[in-house]
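Sequences are here, hints too, so could you generate the full structure?
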Amino acid sequence: MLYSLRIFSKIDPENFLYIGVLFFLSGAVISLVPIQKVKNYIYILSVLGSIGFALLSLYLLFTLPLNLFSLPISSIFEFSFRGDAISGFFVLAISILTLAVSIYSIGYTKEMGGKGLMGFLFNIFILSMYAVVLSGNIVTFIMSWETMSIVSYFLVTFDRDEKSAKAGLVYAVMTQIGTAFIIALFLILYKQTASMNFSDIKTLSTQIPENIRHLIFIFSIIGFGTKAGIIPLHTWLPIAHPAAPSNISSLMSGVMIKTGIYGIIRICMDILGQGPEWWGISVIVIGAVSSIIGVMYALMEHDLKRLLAYHSVENIGIILLGIGASMMFKSHGLYTLSSIALIAGLYHVLNHGIFKGLLFLGAGSVMHATHTKNMEDMGGLLKEMPYTGLFFLVGSVSICALPPFNGFVSEWLTYQSLLLGFKSPSVVSKIIPPLGGAALALTGALAAACFVKAFGISFLGMPRSKHVEDVKESSPLMIAGMGVLALLCLVFGIFPGFAVNLIAPASFAVTGSYGITSNSGFLYLTETSAGLSPMTILFTVVIMSIATILFIRRLGGKRKIVYGDSWDCGIPALTPRMQYTATAFTKPIRMIFKRIYLPRRELKVSYIVKPFFVKSIKYSGEITPFFERYIYEPVTVFTHKIAGKVRLLQSGSLHLYLGYILITLILLLIFGS
Amino acid sequence: MEYFQFLIIIIFSPLINGIIKKIKATMQGRRGPGILQPYYDLIRLFKKDMVISSVTSWIFKATPYIVFTATITASMIVPVITTKASLGMMGDVIALIYIFALGRFFMALAGLDAGTAFGGEGSSREMTVAILVEPIMMLSIFTAAISAGSTNIARIAQIQGIFYSPSHILALFAFIVAIIAETGRIPVDNPDTHLELTMIHEGMLLEYSGPYLALMEWAHYMKQMLLFTIAVDIFFPLGISNNTEFSGIAISFSAYILKMLFIAFLTAFVESTRAKMRFFQMPSLLGWAFVLALLSLLTYIMMGK
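Chains C and R supply the protein sequences, listed in that same order. Per my numbering, the very first residue in the first sequence carries number 854; after that it's consecutive. Per my numbering, the very first residue in the second sequence carries number 316; after that it's consecutive.
Each hint should be verified, as a subset may be incorrect.
Unchecked claim - Pairs of lysine to aspartate or glutamate residues, derived as EDC-like cross-links and limited to a Cα-Cα distance of at most 20 Å, are as follows:
1. C:Lys-1494 with C:Glu-1481
2. R:Lys-363 with C:Glu-1229
3. C:Lys-1325 with C:Glu-964
4. C:Lys-1319 with C:Asp-1156
5. R:Lys-376 with C:Asp-1418
6. C:Lys-1471 with C:Glu-1237
7. C:Lys-1468 with C:Glu-1455
8. C:Lys-1226 with C:Glu-1475
9. R:Lys-376 with C:Glu-1237
10. C:Lys-1411 with R:Asp-364
11. C:Lys-968 with C:Asp-1012
12. C:Lys-1440 with C:Asp-1123
13. C:Lys-1413 with R:Asp-364
14. C:Lys-963 with C:Glu-1229
Unchecked claim - To give a feel for the contact side, a few chain R residues facing chain C, derived at Cβ under 8 Å:
15. Ile-323
16. Ile-325
17. Ile-350
18. Gly-406
19. Ser-438
20. Thr-443
21. Ala-445
22. Gly-464
23. Pro-506
24. Gly-525
25. Leu-528
26. Ala-565
27. Phe-594
Hints were generated in silico from the structure; no laboratory data involved. Values in this document were obtained by computation on a predicted structure and should not be read as measured data. In this text, a Cβ means the ideal position worked out from N, Cα and C, and glycines have one as well.
So, in structure tokens, the structure goes:
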């Protein structure tokens, strides 16, 4: 990687930043030009901008930290962008997805209303994400963070119907709660170190008293955890992701929520250096709970995009398992292990961006073609949409962490780092990580069940409704966008060493150790003498398949294949309604985990003559949305109640308000002097 | 030599199934088919024509190859008679479980592909069983891996001593339950049933015929023998050779045969003396196994053995 960079070494890295920013800004400006024809092509500018930032990221990964841009406004107020290997890694993760999504968007937005606004928001949104991970001081960070939140709010409410408006409200409230904690933690940091710059805060952070460090840790987990979508702060994801247009949900789920992970790493591992053991342990526990609960709720969803949104909760959990293990090892001074665990977490950040981005784009294509999100209305789509189907399958296999695709490698590394817990000195650090591993195994199996359902019900079998009757494959550019990501799923799966070499500098910046040294197709951990070569697995499967085909030919010669109906037990014909539905598919799981799902069912039978002749049966069932009902609803009701009381103060009478001002003035005069 | 030990799994796996069936028949006072019957079945299936449902897509046709070759790939990772397994670098025990999961994923998709209720039911139940089994399997393997300091199966087999610690015995029991569930045997599933409403594994294969069915069946036999082999490698490696010298291999091979016969007998015994459980009673059995696996891990960490 370094060799290829030498070619560019004549160019200052800042130039890549300027080029990238220029492309995105011009994309944003041109979108507002009221000429329809131009608007189809603005995404080409985003593609170029992404490439600019990708080059910048490679620079940042392999060079020392550097100040990219600064604009002082006053003595303490300054815009400052600074890049190091950690930022570089996140810029890379963002660039990969924005590149593919931009290609997809050219096709996707073709028939969309409000194209100009979309293009504008799209570009600004991407820029703001870059700004967040490249911010060098507190003010810049908070402003970028808020820009990102506000722009994404407008994107969530882009469809301008009641549902999106409600989703936008939930998103705005949750995201502002998170921001409040983030601002609070930055204020504390500023108060303790009297500095705005992250690099200065980092050097001064050792002076911060222990208790305050704990407080900062907790605030950052709540604040950034809200953006990342940890349980129980996840409620906005399954509402906001489905409301946004699919290219945006792809970006939001693929990379925006990762800025939360970036924040946690930046604050808890980089700026604060290392904390006590319980930080890491609690992050592992949060990760385990998020992954299990996230995937469990995903299983019960029949709305394709809501299902994917819940899977984001799950994957954030998996990422946190790696990061938590890394924090734990760091607190014990085991820096090599810490680095391995961080590489596992960051690898999953990258992978989740790729496959979740792909899946959301796939869901977008499916919705574009069928005009429904409900998978119970789909079925048999693989025949009509072969490419979308294939790429969705690749995404599904990757997210289920099945070899030889990318999700498998990062989960394998996560397993390894959790298992390495036995090398740590304390008993808690020995017990909790393997239990996290068991949680990961459960999560993996649940995810597999979920994607058998998601792919099997929507793409296989017979068409279940008229939505699927005249479905057309998506436009070539949409397919190309998905194809890029599907290819990357494979590349990052079979060349794990290549990916690890990209991630290791970021991990080195945090932990001071490279952790894993490897060549491109093969991973080897000396700590557990465990090797992994997904490429060999793929190679073996392919060679053996060819051998098997030849073997069968050899044994039986040419044989006849008769196409007939599926086995129907002798009834006249199977109808699509007799197929297994998504609800039926998950029924056993709903029964087994009923303590978690709290399913409710209602059966209304009306008779003509009781009990023999039934007129109609009405059945309805649902699972209890536990967090919404038992945590958020009481809080909302309480807030409304308080707000109702506060309203008494605001009677609307001008005289009263003048009175308030008078009273305030008098009070100030008395106490202020 | 060590490169070709996986052929043992491919070649002898139908035999193990034949032996289990024979022992079962003897226990139940029947004569039963000969132990070579699975081979005859496979050969016959390979020579037959195929009937494929017109509802199906390419997934249905690709699945037998994926399942079959994934199982072969898994068998390359596992040391059968010698721990000098060069192909073990391809993956470790975690990779192995996920390679199985790959096969299962596609098998479940194929079950849904034909659009019948039976296939869907089989898929749904298979995935449900997997959800309960996978944590047990992982956790019991973790105990062995942690005590050996490695997830490499050959390494675990080398390090594992002759004498057994409490944690290993607990993990072994958990692992056996996991194997029973994973291979679709009584009391979780009944491999002999063809009554649509009760089956799990067979439900997914209902639409398959001819060579494709043969591949799926063979893969199933292989998976069963592989899981037996892993159990032996991890928890009972006594006798396994660490090199490829003839005398060591000879001892190792005879030890392996004895161990396999013992497991075959055990399986047949369990199958003959137990009834199949109702599907929703299964979580309590597997939950119990999970607790055992958990205890084994805690025991190891607390007691250090």
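The hints, checked one at a time:
no.: 1; hint: C:Lys-1494 with C:Glu-1481; result: holds (18 Å)
no.: 2; hint: R:Lys-363 with C:Glu-1229; result: violated (37 Å)
no.: 3; hint: C:Lys-1325 with C:Glu-964; result: holds (15 Å)
no.: 4; hint: C:Lys-1319 with C:Asp-1156; result: holds (17 Å)
no.: 5; hint: R:Lys-376 with C:Asp-1418; result: holds (16 Å)
no.: 6; hint: C:Lys-1471 with C:Glu-1237; result: violated (34 Å)
no.: 7; hint: C:Lys-1468 with C:Glu-1455; result: holds (17 Å)
no.: 8; hint: C:Lys-1226 with C:Glu-1475; result: holds (18 Å)
no.: 9; hint: R:Lys-376 with C:Glu-1237; result: holds (17 Å)
no.: 10; hint: C:Lys-1411 with R:Asp-364; result: holds (9 Å)
no.: 11; hint: C:Lys-968 with C:Asp-1012; result: holds (12 Å)
no.: 12; hint: C:Lys-1440 with C:Asp-1123; result: violated (45 Å)
no.: 13; hint: C:Lys-1413 with R:Asp-364; result: holds (5 Å)
no.: 14; hint: C:Lys-963 with C:Glu-1229; result: violated (28 Å)
no.: 15; hint: Ile-323; result: violated (16 Å)
no.: 16; hint: Ile-325; result: violated (10 Å)
no.: 17; hint: Ile-350; result: violated (22 Å)
no.: 18; hint: Gly-406; result: holds (5 Å)
no.: 19; hint: Ser-438; result: holds (6 Å)
no.: 20; hint: Thr-443; result: holds (4 Å)
no.: 21; hint: Ala-445; result: holds (5 Å)
no.: 22; hint: Gly-464; result: holds (7 Å)
no.: 23; hint: Pro-506; result: violated (20 Å)
no.: 24; hint: Gly-525; result: holds (7 Å)
no.: 25; hint: Leu-528; result: violated (12 Å)
no.: 26; hint: Ala-565; result: violated (28 Å)
no.: 27; hint: Phe-594; result: holds (7 Å)
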